[in-house]
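Student: Chains as they are written, first to last, in the working numbering: chain A, 1 to 372; chain B, 1 to 176.
The hints are simulated quantities; they were obtained by calculation from the structure and are not laboratory data. Be careful, since some hints might not be right.
Label-pair restraints from in silico Cβ distances [said to hold, decoys possible]:
| no. | chain 1 | residue 1 | chain 2 | residue 2 | range |
| --- | --- | --- | --- | --- | --- |
| 1 | B | S73 | A | G149 | 47 to 55 Å |
| 2 | B | E163 | A | G350 | 26 to 34 Å |
| 3 | B | S73 | A | K283 | 45 to 53 Å |
What you are looking at is a predicted structure, and each value in this text was computed from that prediction instead of being measured. In this text, a Cβ means the ideal position worked out from N, Cα and C, and glycines have one as well.
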Amino acid sequence: MNSPIVLQPDETFILNVGPQHPATHGVLRVKMEMSGEYIVNAETVIGYIHRMHEKMGEVKTYPQFLMNLSRMDYLGALGYSHCHVLVVEKASGIEVPERAEYIRAITVELNRIASHLFWFGAFVMDLGGFSPLMYALQDREHILDMLEGVTGSRLTYCYYRFGGLYNDIDDDFISAARRFIPRMRKSLVKYRKLVTGNVIFRKRLEGIAPITSEMCRKYGATGAVARGSGINFDVRKNEPYSVYPEFDFDIPVYHECDSLARYMVRMDEIEQSLRIVEQGLDKLPGGPIMPDKKPKMIKPPVGDFYQAVETARGSFGVRLVSDGSKNPYRLKLRSPTYSNMHLFDEACRGMMIMDALAFMGSLDLVIPEIDR
Amino acid sequence: MICEKTKLALQSLFPEPKPEPVNIVEGASEVSEKKGKAPAPPRQDGLLERDYAIHGYHLDAQVSPDQLLKAVSILDAAQFFIESITGVDWINDNQLEVVYDFSRYDFDVCRVVIRTRIDRSNPVVPTITNIYDGANWHERETHDFFGIKFDGHPHLIPLLLPEDADFHPLLKDFKA
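Produce the entire structure from the sequences given, and follow the hints as far as they go.
Tutor: Written out as structure tokens, the structure is:
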């Protein structure tokens with residue numbers, strides 16, 4: 001009756017990971033064909049929390065759609081809003097005051113740090129280390145408090161407006177940001193000692209899940225996945241937008257192509273984002289945060305417009321097809337994790353399952369952003 | 001540099017002179033669209049250079065579905081990566097448009113858009129999954145939203161919509 005199932009040597013079985021599994025960080029399902037501990041084939045099944053943001057983009061007017069963007073990626077929401085306002089401003093020729101662009105860059109970078117911190121904690125937790133998550137959340141809390149003060153929300157911000165911002169930053173924000181920078185630098189040293197140098201941690205990641213640069217190109221991988229594979233590509237540098245050309249910062253690139261390289265890229269990026277915040281606060285110009293001349297109704301001219309930005313997860317793009325009315329004719333949202341996750345099926349073949357889960361963590365998945 | 005080379009390579013797809021001059025300078029076609037009382041006719045196949053500062057891409061090639069694989073191969077050979085694939089429903093022209101976005105991991109920025117237009121009643125285009133593996137999900141998504149069939153696609157089942165979905169929500173005549 002209860003005799004164990006004996007598999008033939010070449011026999012495989014199907015293992016379902018998810019859709020409710022702690023390692024997938026959301027509702028994502030991977031159908032894995034296993035031979036013992038090894039993955040023979042994998043098929044990722046997505047769409048469990050698909051909400052059809054692109055249809056909402058066509059039904060809603062331009063300002064009404066502003067809040068949808070932050071519901072896509074709840075960890076790095078500001079980068080997505082930034083792209084949306086940039087493409088509409090570009091299409092309708094709205095001038096943005098310099099101060100507004102600086103504040104946008106500062107808040108986007110703070111949000112990027114918050115996103116990387118959460119990913120860092122969750123990633124180490126995937127590998128079995130619980131305490132780093134607590135340290136990371138403690139640091140992240142400072143950013144959330146700061147952003148809550150100016151935007152009014154902690155996660156799903158709706159802070160940017162076409163032409164500027166909803167609210168100017170105050171002295172509390174500036175002093176809190178100034179205090180945060182040395183604190184975060186100290187924490188980075190702590191993380192390096194606690195996690196990066198840990199031998200167990202390194203053995204789980206070094207040489208695991210190599211992704212070649214050619215594979216990145218075929219799948220359109222961007223962000224830390226591409227930069228961990230030796231590709232020097234960051235939209236902030238390659239196609240400068242907003243006020244990023246004003247800042248002096250580096251793009252960390254690692255050539256090892258493994259899970260550790262992707263980890264190192266994100267940890268180094270925290271320092272680079274701190275540098276941008278620091279310079280932004282130093283250079284912050286005065287002036288208005290909304291333009292004097294702004295059309296009452298946002299109606300971009302007929303045409304087809306594209307804008308890409310670098311979010312915490314990679315290159316996010318918005319394609320706007322306008323027919324000159326108050327609603328977009330078509331609004332395509334190109335999300336970075338969608339492409340990054342897509343290469344998982346091919347890359348995880350022949351891997352052991354625990355390595356594949358570590359690999360999945362190193363991709364930095366946010367499921368609502370894949371499903372849109 | 002790269003843009004110039006890519007432009008020449010893509011230009012070879014359109015050998016005979018078009019009724020509309022190829023290489024229209026920015027703006028000309030759009031002004032007529034805005035002013036014209038009668039709806040502008042659908043764009044002819046050909047290569048346009050776009051103003052990057054306004055449109056966000058450099059080259060805009062409209063090809064016929066037969067030329068699609070050739071055009072994508074040119075970009076693949078020039079080390080472009082695939083950004084996205086999507087569709088647009090031009091219901092007034094009774095046409096569907098498939099839009100392919102490409103870019104490069106380079107400081108020499110060149111964004112290329114390949115479009116192809118097909119009849120709304122029989123929307124079939126060849127798959128490019130044989131050239132770009134990453135086109136797989138993008139094509140499945142476009143099939144979900146617009147009902148466009150990608151001929152030769154290895155696994156054309158719903159991706160984001162439910163597995164039994166028989167509707168295409170981004171078609172303009174879709175009623176929930």
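Student: Confirm or reject each hint.
Tutor: How the hints compare with the structure:
For the pair B:S73 and A:G149, the beta carbons lie near 53 Å from each other, so the given range of 47 to 55 Å is met. At about 28 Å, the beta-carbon gap between B:E163 and A:G350 stays in the expected band of 26 to 34 Å. Taken as a hint, the range 45 to 53 Å holds for the pair B:S73 and A:K283, whose Cβ atoms sit roughly 46 Å apart.
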